[in-house]
Amino acid sequence: MLASSVRLADRSSEISGAGRFSSVISSKVKTQPAKTRGHKIQKVRTNQTGRIVVAGAGLAGSLAALRLAGAADVVLIDQRPEPLAGHTWSFHSGDVDSAQRAWLQPALRCQWDGQDVRFPGYGRQLRSGYASIDADSLGAALSGVAGVTRITGRVASVDAGGVTLADGQRIEGDLAVDARGFSPHPSIEVRFQKFLGQEILLEAPHGLTHPVIMDATVPQMDGYRFFYLLPFDDRRLLVEATYYSDGASLSSADQRAGIAEYAAGQGWRIATVEREENGVLPIALRFDADAFWRGIPADLPTIGLRAMRFHALTGYSLPHAVRSADLIARHWRQGAQVLAGALRGDSLADAKAQGFYRLLSRMLFEAAAPDERRHVMERFYRLPEPLIERFYAGQSTWADKARILTGRPPVPVGRALRCLPETFKVKPA
Numbered sequence: 224m225l226a227s228s229v230r231l232a233d234r235s236s237e238i239s240g241a242g243r244f245s246s247v248i249s250s251k252v253k254t255q256p257a258k259t260r261g262h263k264i265q266k267v268r269t270n271q272t273g274r275i276v277v278a279g280a281g282l283a284g285s286l287a288a289l290r291l292a293g294a295a296d297v298v299l300i301d302q303r304p305e306p307l308a309g310h311t312w313s314f315h316s317g318d319v320d321s322a323q324r325a326w327l328q329p330a331l332r333c334q335w336d337g338q339d340v341r342f343p344g345y346g347r348q349l350r351s352g353y354a355s356i357d358a359d360s361l362g363a364a365l366s367g368v369a370g371v372t373r374i375t376g377r378v379a380s381v382d383a384g385g386v387t388l389a390d391g392q393r394i395e396g397d398l399a400v401d402a403r404g405f406s407p408h409p410s411i412e413v414r415f416q417k418f419l420g421q422e423i424l425l426e427a428p429h430g431l432t433h434p435v436i437m438d439a440t441v442p443q444m445d446g447y448r449f450f451y452l453l454p455f456d457d458r459r460l461l462v463e464a465t466y467y468s469d470g471a472s473l474s475s476a477d478q479r480a481g482i483a484e485y486a487a488g489q490g491w492r493i494a495t496v497e498r499e500e501n502g503v504l505p506i507a508l509r510f511d512a513d514a515f516w517r518g519i520p521a522d523l524p525t526i527g528l529r530a531m532r533f534h535a536l537t538g539y540s541l542p543h544a545v546r547s548a549d550l551i552a553r554h555w556r557q558g559a560q561v562l563a564g565a566l567r568g569d570s571l572a573d574a575k576a577q578g579f580y581r582l583l584s585r586m587l588f589e590a591a592a593p594d595e596r597r598h599v600m601e602r603f604y605r606l607p608e609p610l611i612e613r614f615y616a617g618q619s620t621w622a623d624k625a626r627i628l629t630g631r632p633p634v635p636v637g638r639a640l641r642c643l644p645e646t647f648k649v650k651p652a
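Just so we're aligned, residue 224 is where the sequence shown starts under our numbering, counting upward by one.
Everything labelled a hint here was simulated from the structure, so no lab data went into it.
Hints may be right or wrong, so weigh each one.
As the list claims (entries may be wrong) - Label pairs and their calculated CB-CB ranges:
1) Ile493 x Pro644: 30 to 38 Å
2) Gly568 x Gln328: 24 to 32 Å
3) Tyr345 x Gly488: 43 to 51 Å
4) Arg605 x Leu643: 18 to 26 Å
5) Thr646 x Asp457: 46 to 54 Å
6) Trp621 x Gly564: 45 to 53 Å
Remember, it's a predicted structure, so these values are computed and weren't measured experimentally.
Each residue gets a CB set at the ideal place from its N, CA and C atoms; glycine is no exception.
Build the full structure now, drawing on both the sequences and the hints.
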């Protein structure tokens, strides 16, 4: 969606601090990879000699473990007992290639052959496919991977050779990867995509055949507001109240009431609320990637939101996590220095390529008044579908960019022009 991954479907579970301030209420993950408690590593080993220690067992770390299946033993370390619990991540078919889709397939919960958008004066079905992963489906996929071990513990530090826990214990491997999630940094300026979602079971069929990635026919408040719908079967669906907002705070009670009101407005009667998830995704307005990477050790492989790997305007991070997992699989045998360099190079190239999307983020938040943001989105979804697909995949052509920016502007021209320079009020260190 033009909005969830860390969406949280990719809407990523990896954000902390000013990124995805994720506070989750959920049923426990039913199927998990091998898990240890008290820092005692289970000896679930493959016949491989390599061992990779990953700090952070959210989306990026878990996908790296899935991608490495059978190639190396992986130790996932996270302070949360169930780091995947209560999360959903989604992606568009064009966001990954066929080879990536193949190794992701065991982790998919659901996939669809289209998606819908709704605005007050315009509705559209897009033919682009859409797919979702959730905690149970990813956990089940990992449970079938030999050599994956889970440790619950607070990480004190990470270096190229391993992870040191807060209690002083050292977990070493052939190399270590930092996937601990988003942390605020002076080199990046963000706004927020925040949401609360409930997976609900209805008394009768809902009638949806595709996800609704934006239903913006609802009253606007706190910025751009819309509902996001994922139909898992004819009576079960995820309903998320979502906002593009200048602030990160969100009242859970208000959103629960809003979801109930929305469901009633659709003619749905809720039988049960199965689970709930909420979070905040970073939307990047400005990013000095060189300044950011100067603070990361040259021999420390860093992935996911820890490496600021997400789409600057949509917040989706799953496609970036997939690319990083592929790079780890390709380079880990060459050692930490080579792998870290490959990941850094890919991140710097991506940051440069995303300059256009950060410009659009600035125009959305700084040129459009909060109550005008819906008009910006509605205009975008009237554009040709191949352009929209390339936008989500981060592959917009020069012609695409010109098409997005030309025509009758949905924001005042003067304010839009002031957004063109990507300059910080305070230059990053």
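Checklist entry - Against which earlier hints does the structure fall short, listed by number upward? => result Hints 1, 3, 6 are the ones this structure does not satisfy, whereas the remaining hints hold.
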